[in-house]
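There are 2 protein chains.
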Amino acid sequence: MLDLVSSLEDRLQSHLLPCSLPPDVQYYKNNSGSSQISLHVTPGNTHSPIDFVLGSWVHSELPTGGSLDITSISAYLKTSNDAPNFAFDLIRSSPTMLLLVLDLPPRKDLILSPEYLKTFYEDTELEKHRQELEKVQEVQPYFSSSLFIRAFASPTAIYVRVQTENDGGERIDEILRNHIGPISKQVLGIWLDHCACAEREVGEEERGYLRKRDGFVRNKTIEVDLGTSFPRLFGPEGADKLLDAIKKYFSV
Amino acid sequence: MLDLVSSLEDRLQSHLLPCSLPPDVQYYKNNSGSSQISLHVTPGNTHSPIDFVLGSWVHSELPTGGSLDITSISAYLKTSNDAPNFAFDLIRSSPTMLLLVLDLPPRKDLILSPEYLKTFYEDTELEKHRQELEKVQEVQPYFSSSLFIRAFASPTAIYVRVQTENDGGERIDEILRNHIGPISKQVLGIWLDHCACAEREVGEEERGYLRKRDGFVRNKTIEVDLGTSFPRLFGPEGADKLLDAIKKYFSV
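Going down the list, the protein sequences come from chains A and B.
For the record, in the first sequence the residue sitting at position 161 is 161 according to full-length UniProt numbering, with numbers rising by one throughout.
For the record, in the second sequence the residue sitting at position 133 is 133 according to full-length UniProt numbering, with numbers rising by one throughout.
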């Protein structure tokens, strides 16, 4: 998924400041060395509508002998731009099983914002990409165990589980190369063209609403997502260290 | 699904007024006689938190020789009670294919209302019923073509397609009897116990919010749901007659 990161960095080059995390958080491994993470947070500059981009790469050796790899890229906009954020998570827990989350999570209640639904989800034809991936035989819808995460997803969100035959991982690599890779790049392209760089007029009242809603989402992301996976991977002390370093970016 | 209706009527007996639709709307068929509908709207009385319950039974002979049967039951609460509504739709388009929608659609933005999510979706364990149905081999998630309808669904919504082998309908009848029937009754039971009869304190500002959000949902329901299916089934004139008769109940 390096392609995805370079697409993002190329397009947002003039927007982003360098990562300012301490080096021992940018690369961290637990005491036994079984889990390691490479973590980057690049904040948007003063003039950018981007608040920050977070990328993380986790590799963990499982007690069962296998390994777990998690690639996450998420991009958060400031309240001066009400467009959807970007979320990508790829969790490969065995050579033949992976979970993919690919979404532009809305920042408003879509029921009360039909224009927002039309602009960012209908007119951009995001659904086409969800349907394209759904056609791949090994791809099945996946339901997060967190109802908050389900509520937070957009109507065109891609939450899928890919389970292939026991072929050592060949087929899943093929699905990554021919389907997940290209579709992720297209969805990121939509986000870059229609969201990150959208010219949106956001009034003061609207900004207050976004501050509140974004705040809820970011706190919950720390609590139910990173706040549960980091302790499992890095132990309580390691997780605290990592979370402390990134928490300040999550404040709205 | 007569069971479902009698459960609802038994429990809400003291709440509901008789159906006051004109007789030629309570039962209507198109000129050729190929489509017929039985339509009931029972409004809640002055003291009830129920705004109205709508039930409809459609039977339509298809030009292909098959037939289409749609059973819909939905219950809408007043703004004095902010609990979720109830929605049930069963669309059987052949002996071996059906779609089921079973949900308690939220009436608030769940991202901004974590207590609401907890009370009505987590604590009620609605998810258990969704998972139970998901286990049946022939049951597959179904994605509505309307992004609005997807946005409107709760995180525990059951939107499924059931497709069985060409056995004349025996297996699907079994799934209806052993799975869909009991699960629908349980979900309705949760709605009756925890929503319809919930004692909720709703302030004036909150009521204003519900009036607005309910209004959007009800208008869209008329527009994208009934407003597209009725003309197809009963022609423009018949659809107008039916929609005119029920529209007044949908105003908030």
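Quick caveat, the hints were computed from the structure, so don't treat them as lab data.
Heads up, a few of these hints could be off.
[To be verified] Pairs of lysine to any residue residues, derived as SDA-like cross-links and limited to a Cα-Cα distance of at most 25 Å, are as follows:
hint, chain 1, residue 1, chain 2, residue 2
1, A, 118, B, 221
2, B, 212, A, 216
3, B, 118, A, 118
4, B, 118, A, 147
5, A, 247, B, 113
Hint numbers contradicted by this structure:
3
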